[in-house]
Amino acid sequence: MDRFTALTGVAAPMPLVNIDTDMIIPKQFLKTIQRSGLGKNLFDEMRYDDQGNEIPDFVLNQPAYRKAQILVAGDNFGCGSSREHAPWALADFGIKAIISTSFADIFYNNCFKNGMLPIVLPQEQVDILMEDARKGENARIAIDLQSQTVTSADGHVFSFEIDPFKKHCLLNGLDDIGLTLEKVSAIDTFEAEAAQARPWV
Amino acid sequence: MPKTLYDKIWDAHVVHEDSDGTSLLYIDRHLVHEVTSPQAFEGLRMAGRKVRAPEKTIAVPDHNVPTTPDRVKGIENPESRIQVEALDSNAREFGVHYYPVNDIRQGIVHIVGPEQGWTLPGMTVVCGDSHTATHGAFGALAHGIGTSEVEHVLATQTLIQKKSKNMKVEITGSLPPGVTAKDITLSVIGRTGTAGGTGYVIEYCGQAIEELSIEGRMTVCNMAIEGGARAGLIAPDEKTFAYVKGRPHAPKGAQWDAAMAWWKTLKSDEGAHWDKVITLRAEDIAPVVTWGTSPEDVLPITDSVPAPECYSGGKVEAARRALDYMGLKAGQKLSDIEIDTVFIGSCTNGRIEDLRAAAEILKGRKIAVKRAMVVPGSGLVRAQAEEEGLAQIFIDAGFEWRLAGCSMCLAMNPDQLAPGERCAATSNRNFEGRQGRGGRTHLMSPAMAAAAAVTGKLTDVREMMTETA
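One line per chain: the protein sequences are A and B, in this order. Take the first sequence: its position 152, counting from 1, is numbered 152 in the working numbering, and each next residue is one higher. Take the second sequence: its position 13, counting from 1, is numbered 13 in the working numbering, and each next residue is one higher.
Think of the hints as simulated: they come from the structure by calculation, not from any bench. Keep in mind that a hint or two might mislead.
[Claimed, not checked] Computed list of chain A residues with no C-beta within reach of chain B, every gap over 10 Å: (1) 41; (2) 123; (3) 180.
[Unchecked claim] Taking lysine-lysine pairs in the DSS-like style, the calculated list, with each CA pair at most 27 Å apart, reads: (4) A/166 x B/245; (5) A/183 x B/276; (6) A/166 x B/276.
For glycine and all other residues, C-beta sits at the position ideal for the given N, C-alpha and C.
Next up, chain A with everything else stripped away, as it sits in the complex:
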């Protein structure tokens, strides 16, 4: 898995609340059996018209945001389905961090499996960063995972919370399965005991 340590870049503003996984990557693109290549269809129905032409108003089609690495989004980003295609599409486009007041649970977890950092901040701080995002290149946002801070363009430093284990994995690019398999004897023991206690399972 890719590491995430620090990032300074342009953020794209998406103030809409409840941006769901069907918006992020519509179902017709879930038919792939690969993880890669979904970036071109990120936000497909908001980004392209019926004929497949770019909708100029859509934020990621605007020159300032075509290479955005950060999203600043409205409440409850990533609600809806469990499709990991949503973070895959964001990552493939080049988004490495998302800032919002809240994320849907499964989407939030899926981000960490793909080297992406979702950051939860209070409304007033998200509002400031949303204003920065609206300024494009002129207001770059800096994120530092080690110190758990986001720095706005004019130097406000906001601290964010993150689960220590998730932080550790992201900083070091660690693979969960490998870590869990180090505990395989504990799994063996649990399984043997459970087979006694609940043999019907």
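Please arrange chain B on chain A, whose structure you already have, making use of the hints.
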């Protein structure tokens, strides 16, 4: 210390816990479908890993499968076909339980699991699908996971988790006539919002929940995810045990007795700690429909389309956008909204009881919409509905009688809405484009969807029940 039902199931499945609370949780049942699993199986292959517990892993194709009778000849769409074929070969290669497309037991994974007795009280159940919450109806801890986690469970039969908080949602009293499990679950989301459950596992309880059938309880838990919760669950009782008993993979004989002894302890203790409590009175719940593009956009059918200005914060713009997408105007009566299409099915409402409720309204009546389809949740539900004469009622009314699958709930298969087409749907999401690009979805119960089919507009099913009486 008194424990909640969630605490008890959690505690029984912790393999290892770190000092910061990060836990390795054992998974009793892993359900797998074709959309979120190919990359996970591929990951195993690349790393030379096996499925740790193939006997606890159950695969069934559902999202991509066509629901027309000609599907026996194969799937026309090449990408869908490849995905289903990938599940076929992965299931064989890794030796997991499998119900292929043309097996009568095939259906939506969340309907097949309980039907076959794979889902049992007190279990941990996961699937690469957010509606895994459905299985909580049995008093199982069940939730959706992403594909990386699917691979993790395949390889280790565990998940790395942190415990959620406990929320109690109590529905007091008895539901009035015409009000169903779907109205409960939508009304709860209307109250909490789609992020109200974030960070929580919900236990639904109270007289109205106890009075629901197991099918109804599955409908309630199914949409816990739409309220943002990790899982929804309901304590098992005699109805649960009666539903489970005798199913193909339910315990038998001495094992049944041992299981029952444990299952009977699976309830929240008196004095258990709740981080949040929400109470609704059943008598205050009406038949509801959604008007917007989020499941929280829900109102009683007797109400009118709200004005965006009624909301605050980011919801004002979201509501404006929703009205524009849905082609509705503030102040318009919900019962004046005309419908083109009716879809009855999905993991939310594709069970036998749902079909019975819709058929009761449709009996002796004809549809007044352009098209209407019933998609049973499994081949066995379909067979039972045919045996009970329900299929004929649907066909006589003008409905298409389909084969089992996810169908128009998410439109990954040929069943889709056209741009602007307005649908009364018994499914779970009214997101933009969910049922097809530009499609407009109103969520409701099967009885309400049947009523809309008959009148051609959103309709208070209670009026039609009076007519019948």
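Numbers of unmet hints, in rising order: Numbers 2, 3, 4 and 5, in rising order.
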